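2 protein chains.
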Amino acid sequence: MKLQPKGIERVSLLNSLYRILASDIYAPIDYPPFDRSEVDGYAVKSSQVSWASEISPVVLKVNGEIRVGEKPALTCLNGALRISTGAMIPRDCDAVVMEEYTESKSGSVKVYRPITPGENIATAGSDISAGDLVLVTGTLIRHEHIALLAGLGFSEIPVYVKPRIAVFSTGSEVLSPGEQLREGCIYDVNGYLVTSYLRELGAETFFLGRLPDNYNDVRDAVFKALSEYDVVITSGGTSAGVSDVVYRVFGDLGEIIVHGLKTKPGKPTVIAISRDNKLLIGLPGFPLSCYMILIRVIKPLISKLTGLRIYEEKVYVKLPFTIRKHVGRTWLLPSILVESEEGYTAYPVSLSSGSIYSIVYSEGFIELSEDLDVVEENTLIPFYPFREVSKTKLVVIGSNDPLLEDLLKATGLIYVSKILNTGSTSGWHAVVRGEADIAPTHLLDPSTNTYNTPFLDKYNLRGRAVIIRGFERLIGLIVAKGNPKNIHGIEDLLRSDVRIVNRTRGSGIRVFLDLNLKKYAEERGLEWSKLIESIRGYTYEVKTHTAVALAVKQGRADVGLAVGYVAKLYDLDFIPLKWEEYDFLIPRNRLEKEIVKDFLKSLRNIELLKSVARFPEYYRFPSDIGQIKAE
Amino acid sequence: MKLQPKGIERVSLLNSLYRILASDIYAPIDYPPFDRSEVDGYAVKSSQVSWASEISPVVLKVNGEIRVGEKPALTCLNGALRISTGAMIPRDCDAVVMEEYTESKSGSVKVYRPITPGENIATAGSDISAGDLVLVTGTLIRHEHIALLAGLGFSEIPVYVKPRIAVFSTGSEVLSPGEQLREGCIYDVNGYLVTSYLRELGAETFFLGRLPDNYNDVRDAVFKALSEYDVVITSGGTSAGVSDVVYRVFGDLGEIIVHGLKTKPGKPTVIAISRDNKLLIGLPGFPLSCYMILIRVIKPLISKLTGLRIYEEKVYVKLPFTIRKHVGRTWLLPSILVESEEGYTAYPVSLSSGSIYSIVYSEGFIELSEDLDVVEENTLIPFYPFREVSKTKLVVIGSNDPLLEDLLKATGLIYVSKILNTGSTSGWHAVVRGEADIAPTHLLDPSTNTYNTPFLDKYNLRGRAVIIRGFERLIGLIVAKGNPKNIHGIEDLLRSDVRIVNRTRGSGIRVFLDLNLKKYAEERGLEWSKLIESIRGYTYEVKTHTAVALAVKQGRADVGLAVGYVAKLYDLDFIPLKWEEYDFLIPRNRLEKEIVKDFLKSLRNIELLKSVARFPEYYRFPSDIGQIKAE
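As they're listed, the protein sequences go chains A and B.
Just so you know, we're using this note's numbering here: the first sequence kicks off at 1 and counts up by one.
Just so you know, we're using this note's numbering here: the second sequence kicks off at 1 and counts up by one.
Since the hints were made in silico from the structure, they are not lab data.
Computed from a predicted structure; not experimentally measured.
Please note that a few of the clues may not be correct.
Any copy will do: because identical chains look the same in the list, a pair fits if it lies in one copy or spans two.
Said to hold, decoys possible - Lysine to aspartate or glutamate pairs mimicking EDC-like chemistry, simulated, CA-CA at most 16 Å apart:
1) Lys267 - Asp40
2) Lys518 - Asp445
3) Lys318 - Glu377
4) Lys418 - Glu339
5) Lys262 - Glu607
6) Lys485 - Asp573
7) Lys458 - Asp445
8) Lys264 - Glu38
9) Lys518 - Glu367
10) Lys71 - Glu183
11) Lys610 - Asp244
12) Lys318 - Asp92
13) Lys485 - Asp497
14) Lys393 - Glu594
15) Lys610 - Glu472
16) Lys110 - Glu99
17) Lys485 - Glu527
I would like the entire structure built from these sequences, with the hints used as guidance.
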């Protein structure tokens, strides 16, 4: 039986709040969609105000005004155009002078400062390029995702259909809240806890009240619920009789797959699969026990049905004192977390096992595994939070790679990662500053013709950071299907009938391209600036490989450099150029971070990489992948 | 104008998920509501199995069985009663032997272990006593609160009526997602961001689309919305013309109270109050600017309307590099947090001000205040998160006091506090272990007749913890209105016609009572154990002062020791006995914790304490309150 969402539906964007996204989202357009001004001021050609200063301002004729929301019909000619924040830059301008450095006067403007090309302009796609992966399947949609999707033009999106869950409580001692309390009886806690918790997880949950106390009635109620719901959950009373009845009914209506967990608490847990493949779950009676099993066992199962991708919320915490337990059962102990300079310590809560106050007081539970007897003070042990805690976070800054994205998706790490595709060079800077946990890098050092390692010295990171061996990837030229422009090498990028799409400065691909162009210029005695001026599209920069492919696919460019993988992804032609070494620069003090360790573990799993890589022919996996390559 | 929720409505418990609680909740019943067994086994008199061992088990006659949900008609007499987990303990039993230490045989049971009185029994009210404060007004209701309220018998609860908010977007360049993209235009982000964010905050929010571009239409639309909604929000386009129109309309329909914030970004923010006291809000155009103002300015305003009590989610973080700014405006810089051994560092995000990717990438923003010019590397600066972060948490373990509860409520600290009313002694233990940030204590040392300070040596905490001077409070005897039993001093507690309610062992009040009783016994040459056996209700223990008062109020006891405050609260009579010194024990390394500093600051604010104390005649506030008294 495969646990998965029962379907996908499309909902309007504003109705998607708290739903689970049912597909990866790649940007369909550039953002911003056009070159726009970031300030109020005057659009000019930067070369015209090169000599402007406070003492001798340059005077330009104002040839008109560009408003936001309009396509500029005007050009600045050799003058200036008044422009508002957010308005589109006219074709012949390359910079905007801020209003405060100008003085306007009857049809002309005095400019008091020089300006560099591109200043105060956000170029099309500089924030997000069409083709960038922006959100992934399984994301719980929050306000920030809705904002992003709105900006990219999505009016509706696919989300998973919610599973329908029926919840019963059991137990002859259980009363409904609001009933008159009778001696020896207690109010139902579990029915309410399970129902509201599953609602928070995004399941449509219905509380159907208390089950009667005999086999036939329980069987009839569960059988009926099975016809209407995808999951049936009973939360046990504490009386042994009831849990026997539940067990027998589950066994008769389906196949028992779990009967009693080797955990303390958790023994009375029963899980079965009905004949029509629906989940039947029986939970322990004491509310706190019920809660722990709900978090540890049931939440991952239900999340498979809602489609919510969870990166296991487990944090490693210190035990404040020695605990002696019996071998043979795993102990789950409700605890609170206390933060200190040395990290989190989990204090097992000294409340009785029947406590309901502990449901609000404790923050989760620690797990002491089956095989342990004495667990010493200060041992690091896993802690499972009841509610959200600050997410463990992986900060990835540097080079972009589709396989890396796929690996982070497959492991779930992407749900707790911050990824900034700034190119390799910026990743190195981020490590120097201490900002990144991992900087993916494929920087070629021309003097040694080796990748990455020589930069440890250049950035003065010897001893402070390590280079982890990554994979090799094949890069080359991405061209339209059938290669209509007959492109075969980097020299073809210089042709006047060819328009290229470039990568952002600092990216490894860009460095590779510029090294080749420099060599070409030197060999022919050409001036570098003239050479690149002659390349159409050289300033058309995007941040990801998928964005390169999409630009070629949509005819916005004839050719671009990228990994072969994306050519396949977008059904384009590919001219291989070079196998690159794509490694991971990691600050030494981050190597011990749990989430970094998780990442390295997944990287060393070559089988996983192969299964994740949709086009493995464009990748090579060295046997020492995931190991330290240089330090 | 006072911003407050517009009303209170009662909803069924399961429908209260994500609503805001509209009253403080005091437990109406004890939990558990009766003495109950925590295990399966045999209920016995512990004295009967005092000599049981593996070698010579004690054999008891089994006189019957007690099932869960039943009031036991049986008594164990001099034998045993079979009992299930959760079942009610019969009157004449005082312990339960676990099944695994017994062997049953034709109507009798062999007991292989001795047992102490109370073992495996959860006494009535041991988890929560009737009268305990369990939840406070302004709490966002989550699954754990619903579970707690169910257990206490609540079938419905009061919640605040949701405010209704209308959201408009503005700007001639703005298109709705789904429309065909035109050159020079962008898709609306702000309308979607503001609407979904306010929905997450718990407001009923309606997105009414784009406002037309001229004064009359905007005025008509806003005027109409004002008649139907409690708040009207426009999120500005970037064009100056539109924000002028919005400003003029707001000014004509009400009174402008904020026009332009001295923040960067945030200048275009407009806030006005309409003639019928509704909020009008105009937000900046760039989505990221809009988002920061939403968090920093609008969220606290809207929370006053929803009733959600927020403890300002501000964390102090390090700046990773020096920033130079201009004096005169406060800078808000979108940032990501990176955690290291030395705490959080906030990295300002290097994305353009028009970026929408930064809405999902950045985690909040740092604030560099108006008066700063150069902010040096490693300066601690405030960070405001966009989404939840791990809540700063104050762990309070020890003595209970109603004024302390009121102070934590008034400051909002209660929403991020973990409070365990274990009594003073357990608070000292919690500080020794490192578990508590603050241990409220009023322990009297009989040999010196001084409070708290002598225990620093006893617990070996000199140099490791400090005692902060707290307040003095008047304790005494709480009796029914009119004092029908004519109780005037501790000696009256020994009368056979008087039933008392006691506090839990380790509480300061209990220590005080026992010291007095011991003195009484010594003076009269009485045996201690005989003396307390003669006190009716001596073993009836509760954890809070309010629980003592409620026990007297409901006639479950004739008298109890507590602070005078609760006598007033429950309209009972009070016989003053002693002014106590109620101080705060704090581990030295927690004094630098922001939230502990916040607490101490509030404690030093005597005006605040006086205004919070509903019956200030029962408290005294020394002039050095909040200062170190001993260390």
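Going down the list of hints, with the structure as the test:
In this homomeric assembly, lysine 267 and aspartate 40 come within 16 Å of each other (Cα to Cα) only across copies, at 14 Å, whereas the closest approach inside a single copy is 68 Å. For the homomeric pair lysine 518 and aspartate 445, the shortest alpha-carbon distance inside one copy (14 Å) is at most 16 Å, but the shortest distance between copies (85 Å) is not. Taking CA atoms no more than 16 Å apart as the test, lysine 318 paired with glutamate 377 passes inside one copy only; the shortest distance there is 8 Å, against 32 Å between copies. In this assembly of identical chains, the alpha carbons of lysine 418 and glutamate 339 lie at most 16 Å apart only when taken from different copies (13 Å versus 24 Å within one copy).
Taking identical chains as interchangeable, the C-alpha atoms of lysine 262 and glutamate 607 are never at most 16 Å apart, the minima being 31 Å within one chain and 56 Å between chains. For a Cα distance limit of 16 Å, the shortest separation of lysine 485 from aspartate 573 inside one copy, 11 Å, qualifies, whereas the shortest one across copies, 98 Å, does not. Proximity of lysine 458 and aspartate 445 under a CA criterion of 16 Å is satisfied intra-copy only: 10 Å inside one chain copy versus 66 Å between copies. For the identical chains of this complex, lysine 264 and glutamate 38 are inter-copy neighbours only, at 14 Å across copies versus 60 Å inside a copy, given an alpha-carbon limit of 16 Å.
In the homo-oligomer, the alpha carbons of lysine 518 and glutamate 367 never lie at most 16 Å apart, since the shortest distance is 59 Å inside one protomer and 44 Å across protomers. For a Cα distance limit of 16 Å, the shortest separation of lysine 71 from glutamate 183 across copies, 6 Å, qualifies, whereas the shortest one inside one copy, 78 Å, does not. Within a single copy, lysine 610 and aspartate 244 get their C-alpha atoms no closer than 47 Å, and across copies no closer than 58 Å, so neither meets the 16 Å cut-off. In the homo-oligomer, the alpha carbons of lysine 318 and aspartate 92 never lie at most 16 Å apart, since the shortest distance is 63 Å inside one protomer and 44 Å across protomers.
For the homomeric pair lysine 485 and aspartate 497, the shortest alpha-carbon distance inside one copy (8 Å) is at most 16 Å, but the shortest distance between copies (106 Å) is not. Proximity of lysine 393 to glutamate 594 under the C-alpha cut-off of 16 Å is restricted to the intra-copy arrangement: shortest distance 10 Å within a copy versus 23 Å between copies. In this assembly of identical chains, lysine 610 and glutamate 472 lie within 16 Å of each other by CA distance solely inside one copy; the values are 13 Å within and 70 Å between copies. Proximity of lysine 110 and glutamate 99 under a CA criterion of 16 Å is satisfied intra-copy only: 10 Å inside one chain copy versus 95 Å between copies.
Taking CA atoms no more than 16 Å apart as the test, lysine 485 paired with glutamate 527 passes in neither setting, with 26 Å inside one copy and 107 Å between copies.
Consistency with the previously given hints fails for numbers 5, 9, 11, 12 and 17, ordered from lowest to highest.
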